[in-house]
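Once you have looked at the hints, place chain Z on chain W.
There are 2 protein chains.
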Amino acid sequence: MILTKPTSELYMDYSAHMKKIADVRYSAAVLQWDQETYLPPKGAEFRGQQIATLSEIAHEWAIEPALGELLQELSQRGDLTDNQQRNVQLSLEDYTKQKKFTPAFIRQLSEASSRAFHSWISARNANSFAVFSGELSNMVQLKKEEAEIAGYTGHRYNALLDQYEKGCTVALLDNVFGSVRQPLKDLLDRIGRQPQVDDSFLRGFYPHQQQWDFGMGLIRQMGFDFEAGRQDLSEHPFTTNFSSQDVRITTRVDEQDFNNMTWSCIHETGHALYEQGLPADQYGLPLGEYASLSIHESQSRLWENNVGRSRSWWSTIYPRLQAVFPERLGSIPAEAFYRGINKVEPSLIRTEADEVSYHFHVMIRYELEKNLIEGTLATTDIPAWWNEKYAAWLGVHVPDDKRGCLQDVHWSHGSFGYFPTYSLGSFYAAQLFIAAENQDNTIKPGVASGDTSALLRWLRQHIHQYGRRFTSEELCARATGKTLDVSYFLGYLLDKYANIYNF
Amino acid sequence: MILTKPTSELYMDYSAHMKKIADVRYSAAVLQWDQETYLPPKGAEFRGQQIATLSEIAHEWAIEPALGELLQELSQRGDLTDNQQRNVQLSLEDYTKQKKFTPAFIRQLSEASSRAFHSWISARNANSFAVFSGELSNMVQLKKEEAEIAGYTGHRYNALLDQYEKGCTVALLDNVFGSVRQPLKDLLDRIGRQPQVDDSFLRGFYPHQQQWDFGMGLIRQMGFDFEAGRQDLSEHPFTTNFSSQDVRITTRVDEQDFNNMTWSCIHETGHALYEQGLPADQYGLPLGEYASLSIHESQSRLWENNVGRSRSWWSTIYPRLQAVFPERLGSIPAEAFYRGINKVEPSLIRTEADEVSYHFHVMIRYELEKNLIEGTLATTDIPAWWNEKYAAWLGVHVPDDKRGCLQDVHWSHGSFGYFPTYSLGSFYAAQLFIAAENQDNTIKPGVASGDTSALLRWLRQHIHQYGRRFTSEELCARATGKTLDVSYFLGYLLDKYANIYNF
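Line order of the protein sequences matches chains W and Z.
Here the first sequence stands for residues 0 to 502, numbered as in numbering that gives the first Met the number 0.
Here the second sequence stands for residues 0 to 502, numbered as in numbering that gives the first Met the number 0.
Be aware that one or more of the hints could be misleading.
No distinction is drawn between identical chains; accordingly, a pair holds when it is met within one copy or between any pair of copies.
Said to hold, decoys possible - In the DMTMM-like style, the derived pairs of lysine to aspartate or glutamate whose C-alpha atoms are separated by at most 25 Å in a straight line are:
| # | residue 1 | residue 2 |
| --- | --- | --- |
| 1 | Lys-443 | Glu-234 |
| 2 | Lys-98 | Asp-353 |
| 3 | Lys-18 | Glu-110 |
| 4 | Lys-401 | Glu-72 |
| 5 | Lys-401 | Glu-63 |
| 6 | Lys-184 | Asp-484 |
| 7 | Lys-41 | Asp-212 |
| 8 | Lys-41 | Asp-231 |
| 9 | Lys-19 | Glu-334 |
| 10 | Lys-98 | Glu-68 |
| 11 | Lys-18 | Glu-59 |
| 12 | Lys-18 | Glu-44 |
| 13 | Lys-19 | Glu-59 |
| 14 | Lys-184 | Asp-253 |
| 15 | Lys-165 | Asp-380 |
| 16 | Lys-388 | Asp-353 |
| 17 | Lys-41 | Glu-226 |
| 18 | Lys-41 | Asp-224 |
| 19 | Lys-18 | Glu-63 |
| 20 | Lys-342 | Glu-326 |
| 21 | Lys-41 | Asp-280 |
| 22 | Lys-98 | Glu-44 |
| 23 | Lys-4 | Glu-68 |
Simulated from the structure, these hints should not be mistaken for lab results.
Extracted from the complex, chain W is given alone in its bound form:
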């Protein structure tokens, strides 16, 4: 029956099926967004069930044999457009991957994750990794099984890395991290020997409403379309979307810390601009989705750091900021502000780290996960291993597990292989930003005048519009002329911090 249908009709069937899956997935995302922003506490239990039911439907539909047949047949047809062909190819890849996992295994993972999450919460409350160790060990075991089911060549961890970043391997990351570790260490040491920067003025009383209003102004200025999205408050800032026409970001406001809200706004807006730039007519299809996690992160980091911590961008914004908080910032010169927001200081918490030391946090997690998945590190040994690495690589003493190996939620979710995409994002961001400035000479003066529309246009054109059409490396090569080259990132850091720290 399928064999006699014209290609256009088959493609319509495929596309309709995918859109319905997307409807259910995005519905679950609405429920999750609500869970993080507005859900009253007693609603949590039924909400969990509702999200689980939607996820089950989406997964069932994604592995329906009829979809597999449709994709197989479509992939044989010669009369698809390039974009259609790519959609079918990617959907077939997804289908084949997902098909490997039985619903029973998916449920097992989901239940383990739910248990591990609660155990992680308890462990944090008790400030004791030992509370979490058992559930984590169970999760690691499941992730090993998952890797075996998914299949891999080389290292077993490759199977997990590939889920977040297609094509990413231990070999690749060993190489990338190997090239940055020593230069970053040297940079940290050099900075450490210089007179330190004062950023104390960023703490102190910054009232909620003024922070919020200022943040909303930044988001608007960056080009976020408030007709196609909104910002709300949540405990942990995040970006989600229910189509490219409805992108939600959240922030948190700490009245004692101006940093917190501001760079979370900028970071999440970077993610959001990407989602708003994805082609709406590809809703539910691979070409309507983001390319990869590292590319997603490259967008948030580019705005957060390359733009949002630049002297140039703040040159026009800072006087406005001073006018909002005259008591706190009226006497702080622009240059002191710029240095303050770029203060480098090795510390314990990843999410609060500066641009240089940040990547040691990631590298430690990467090495740790690699060892866990290959089985050379037992979960019970994690705290000791962690604390030793923090001492050796960052020179900081970890006083307790909460500020140590219990700080991130990722492992309780089973997200092994996720952390490296954060660093890759920064590395891509530096390379993309330099390419953008070189290719369009209105970008630099634009940023300096607070008008980043030319930059956004460049990103739309070279990254956003393609959705998942290209891999991270293909996108990078097409946009910048070469695949990832960490020397851009290292060069950017060295330039910037030599200037700030006067060496």
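Here is chain Z on its own, set in the frame of chain W:
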């Protein structure tokens, strides 16, 4: 296979299936809530598709043959508890009803409703019923077909009435409305001959934030559990819920009109207290659902009018209100306030009507729908018919369609048979409130001191806890000793307004 399973296992299967349907329905409700409160405008199109997909899933699951077999088998088993038996019986009724409609017909209705809604919007913008007439006529035709498919005895309209209020018929409503029409007309005339009440102080500037805060205070005082619900803003106030543990209400704030926000808060909280009082352990099952629309409305009206427009309740609250708006209300005595919020004056808009004239709005709609569905009135003749009735029954001149037959959204949704439940709600409310006061002598002094917890307890005990276990009339009889008797309502109004208007 089903035949050999023990009853407890079959009941578990049934219950699990129903809970999954509820998960999907409540998920759709979350998406709808978001649509009315926070959705950015460009998100509307995909949101519509997402809700439609969820509704399709829920409907498919609700008419699955396997569910029918399960229900048939369970209804033959003798070893169910009373509550289980009632759940099965009600689910089988629902199943049998829904099963009559083909998915094609459901889709036809849903598409017609979507077209009719947009046409209604256009008609309102153009202030011309003629714009809406064609789509409405199509909708009426479909509702006639729906009635034929559903089946009925007596009047065709009975089939539609029954969907909103089980057992409700033209004969019953003709009787009920027949008994109230003349007494209400007499009351209106009598009030009209007396010196009129001044309520001008309710308009004027009441700032947004103070109104909001005051409304939140009322809601809290009424016993709304903010751990199991929240209030937000929307264009039109409504109540929705995603379980009895997550009940959402909305309000609107008009800075020029204190009435608007206040009684919408009280009304919606009345609905919400009912939903929060439904048994959580019956999630997804009939006994976890409200009894009927008229009983739901009886809860909102009881709080809105019998409590919320009473001299007694305001006696402790009014001084607080005066303190919030000293400029507007400082010089208005409590008695003048009480009379102002109970001003009776026939007018054009149903949702703004007082307690007496309100029911003429409903009766006009009831007669009109009856005629439409029996085919004795053509849609093109609606405006003339409407305007004539408003002149005859309420003595008001309808200046245009927007303030006439285009004012309500209901028909565009295909909701024929819905309006009567509003009046039934008021009638039940009066009877319930009197019974409550008679049965528990702490209720009256409680209301007078602003503590309505005894009243809420009575409602929980006599109405809320039962879910759909009893019909409206059964609930009413069990709670008050007799089925609906409109003399309670009429007596309440006569007492109240004779006092306010001095006759």
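Here is how each hint holds up against the structure:
In this assembly of identical chains, the alpha carbons of Lys-443 and Glu-234 never lie at most 25 Å apart, being 35 Å within a copy and 44 Å across copies at closest. Taking CA atoms no more than 25 Å apart as the test, Lys-98 paired with Asp-353 passes in neither setting, with 41 Å inside one copy and 62 Å between copies. In this assembly of identical chains, Lys-18 and Glu-110 lie within 25 Å of each other by CA distance solely across copies; the values are 19 Å between and 27 Å within a copy. In the homo-oligomer, the alpha carbons of Lys-401 and Glu-72 never lie at most 25 Å apart, since the shortest distance is 52 Å inside one protomer and 55 Å across protomers.
With identical chains, the CA atoms of Lys-401 and Glu-63 are never at most 25 Å apart, being 43 Å at best within one copy and 50 Å at best between copies. For the identical chains of this complex, Lys-184 and Asp-484 are intra-copy neighbours only, at 18 Å inside a copy versus 85 Å across copies, given an alpha-carbon limit of 25 Å. For a Cα distance limit of 25 Å, the shortest separation of Lys-41 from Asp-212 across copies, 23 Å, qualifies, whereas the shortest one inside one copy, 31 Å, does not. In this assembly of identical chains, the alpha carbons of Lys-41 and Asp-231 lie at most 25 Å apart whether taken from the same copy (21 Å) or from different copies (17 Å).
In this homomeric assembly, Lys-19 and Glu-334 never come within 25 Å of each other (Cα to Cα): the closest approach is 52 Å inside a single copy and 59 Å across copies. For the homomeric pair Lys-98 and Glu-68, the shortest alpha-carbon distance inside one copy (13 Å) is at most 25 Å, but the shortest distance between copies (31 Å) is not. Taking the closest pair of Cα atoms, Lys-18 and Glu-59 come within 25 Å of each other both inside a single copy (14 Å) and across two copies (18 Å). In this assembly of identical chains, the alpha carbons of Lys-18 and Glu-44 lie at most 25 Å apart only when taken from different copies (13 Å versus 28 Å within one copy).
Both within a single protomer and between protomers do Lys-19 and Glu-59 lie at most 25 Å apart by alpha-carbon distance, with minima of 12 Å and 14 Å respectively. When the C-alpha separation of Lys-184 and Asp-253 is checked against a cutoff of 25 Å, the pair qualifies neither within a copy, at 31 Å, nor between copies, at 61 Å. Taking the closest pair of Cα atoms, Lys-165 and Asp-380 never come within 25 Å of each other, the shortest separation being 30 Å inside a single copy and 65 Å across copies. Taking the closest pair of Cα atoms, Lys-388 and Asp-353 come within 25 Å of each other only inside a single copy of the chain (18 Å); across copies the shortest separation is 73 Å, beyond that limit.
In the homo-oligomer, the alpha carbons of Lys-41 and Glu-226 lie at most 25 Å apart only across protomers (6 Å), although the nearest pairing inside one protomer, at 32 Å, exceeds that limit. For the identical chains of this complex, Lys-41 and Asp-224 are inter-copy neighbours only, at 10 Å across copies versus 34 Å inside a copy, given an alpha-carbon limit of 25 Å. Both within a single protomer and between protomers do Lys-18 and Glu-63 lie at most 25 Å apart by alpha-carbon distance, with minima of 14 Å and 23 Å respectively. In this assembly of identical chains, the alpha carbons of Lys-342 and Glu-326 lie at most 25 Å apart only when taken from the same copy (22 Å versus 53 Å across copies).
Taking the closest pair of Cα atoms, Lys-41 and Asp-280 come within 25 Å of each other only across two copies (13 Å); inside a single copy the shortest separation is 38 Å, beyond that limit. Within a single copy, Lys-98 and Glu-44 get their C-alpha atoms no closer than 29 Å, and across copies no closer than 31 Å, so neither meets the 25 Å cut-off. Proximity of Lys-4 to Glu-68 under the C-alpha cut-off of 25 Å is restricted to the intra-copy arrangement: shortest distance 13 Å within a copy versus 36 Å between copies.
In this structure, the hints that do not hold are numbers 1, 2, 4, 5, 9, 14, 15 and 22, in rising order.
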